[in-house]
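**Q** Sequence:
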Amino acid sequence: MRAGLIGRAVSAARGNRKALMEEIRKSIEAALKREGIDASVVGREKHLYSIYTKMKSQRKSFGDIMDVFGFRVVVDQVDACYRALGSVHNLYKPRVGRFKDFIAIPKANGYQSLHTTLFGMHGVPIEVQIRTRQRVSHRGQRYCRTLVV
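Numbering (my numbering), first residue to last: 1 to 149.
Just so you know, the hints here were simulated from the structure itself, not pulled from any lab data.
Glycine residues also receive a C-beta, built at the ideal position from the N, C-alpha and C atoms.
Please note that a few of the clues may not be correct.
[What the hints assert, rightly or not] Using C-beta positions, here's what the derived DEER-type ranges look like:
1. T53 / R8: 12 to 20 Å
2. A104 / R8: 21 to 29 Å
3. Q58 / P106: 21 to 29 Å
4. E29 / R59: 16 to 24 Å
5. G4 / K100: 28 to 36 Å
6. E29 / R95: 17 to 25 Å
7. A104 / S40: 19 to 27 Å
8. S61 / G36: 37 to 45 Å
9. R83 / E23: 30 to 38 Å
10. Y82 / S61: 18 to 26 Å
11. D101 / R8: 33 to 41 Å
12. R83 / K56: 31 to 39 Å
[Stated by the list, open to error] List time: in silico BS3-like cross-link candidates among lysine-lysine, alpha-carbon distance up to 30 Å:
13. K33 / K56
14. K56 / K100
15. K18 / K100
16. K54 / K18
17. K100 / K60
18. K56 / K93
19. K56 / K18
20. K33 / K93
21. K54 / K107
22. K60 / K33
23. K33 / K100
24. K54 / K33
25. K100 / K54
26. K26 / K100
27. K18 / K93
28. K60 / K107
29. K93 / K26
30. K54 / K93
31. K107 / K56
32. K18 / K33
33. K18 / K60
Construct all of the structure, not just a fragment, from the sequences and the given hints.
**A** Here is the structure:
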């Protein structure tokens, strides 16, 4: 029942934000290109279970969980990850306390990526994950199934 409510809320949010998400994706791509960073940028939607666990652990309503949509920036080299981070931080204002460097300090399972949450266009919070192509290919099919074009 709760999953159905969350699913309907996500569907409504997706419909309302799809054009905005595409506009933000294009602005990130353009900013990276201006900086000479070769990257692919893909929009994605968080999974219902991820949204549910966040709501439960933080005792928030769906309306309080703003970063339902996020972006994955994939580059060739680790140094380009940090350059891309600087580029997106120049483009949109970062949220204080919402940056994690899993490249410098990988997770126990070997996961490496930069995570940041930004105030995107019109103040919409967005999550950006930046990683190398090598990291993406390591994740294989599981990663590919989570992407939204």
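**Q** So, for every hint listed, does it hold in this structure?
**A** Comparing the hints with the structure gives:
1. T53 / R8: 12 to 20 Å: holds, 18 Å
2. A104 / R8: 21 to 29 Å: Once the Cβ atoms are compared, 40 Å apart, the range 21 to 29 Å for R8 and A104 is violated.
3. Q58 / P106: 21 to 29 Å: Once the Cβ atoms are compared, 25 Å apart, the range 21 to 29 Å for P106 and Q58 holds.
4. E29 / R59: 16 to 24 Å: violated, 36 Å
5. G4 / K100: 28 to 36 Å: Between G4 and K100, where Cβ atoms are some 31 Å apart, the hint holds.
6. E29 / R95: 17 to 25 Å: For R95 against E29, whose Cβ atoms are near 21 Å apart, the range 17 to 25 Å holds.
7. A104 / S40: 19 to 27 Å: Cβ of A104 to Cβ of S40: about 23 Å, so the range 19 to 27 Å holds.
8. S61 / G36: 37 to 45 Å: holds, 42 Å
9. R83 / E23: 30 to 38 Å: violated, 23 Å
10. Y82 / S61: 18 to 26 Å: violated, 35 Å
11. D101 / R8: 33 to 41 Å: The hint (33 to 41 Å, Cβ to Cβ) holds, given that D101 and R8 are roughly 36 Å apart.
12. R83 / K56: 31 to 39 Å: Check passed, 37 Å falls within 31 to 39 Å.
13. K33 / K56: Given that 30 Å is the threshold and the Cα spacing comes to 39 Å, the pair is violated.
14. K56 / K100: holds, 22 Å
15. K18 / K100: holds, 26 Å
16. K54 / K18: OK: K54 and K18 at ~22 Å, within 30 Å.
17. K100 / K60: Measuring from Cα to Cα gives roughly 22 Å; hence the hint holds.
18. K56 / K93: Cα-Cα ~27 Å, so holds.
19. K56 / K18: OK: K56 and K18 at ~26 Å, within 30 Å.
20. K33 / K93: Holds, at about 19 Å.
21. K54 / K107: Holds: K54 and K107 sit about 19 Å apart, inside 30 Å.
22. K60 / K33: violated, 37 Å
23. K33 / K100: Measuring from Cα to Cα gives roughly 24 Å; hence the hint holds.
24. K54 / K33: Measuring from Cα to Cα gives roughly 34 Å; hence the hint is violated.
25. K100 / K54: Cα-Cα ~17 Å, so holds.
26. K26 / K100: It holds: about 24 Å lies between the C-alpha atoms, which stays within 30 Å.
27. K18 / K93: Since the Cα atoms of K18 and K93 sit roughly 21 Å apart, the hinted pair holds (cutoff 30 Å).
28. K60 / K107: holds, 26 Å
29. K93 / K26: With a Cα-Cα distance of about 17 Å, the restraint between K93 and K26 holds, given a limit of 30 Å.
30. K54 / K93: Holds. K54 to K93 sits at ~23 Å (cutoff 30 Å).
31. K107 / K56: Status holds; Cα separation ~23 Å.
32. K18 / K33: Status holds; Cα separation ~23 Å.
33. K18 / K60: holds, 23 Å
Comparing the model with each earlier hint shows violations of hints 2, 4, 9, 10, 13, 22 and 24; every other hint is respected.
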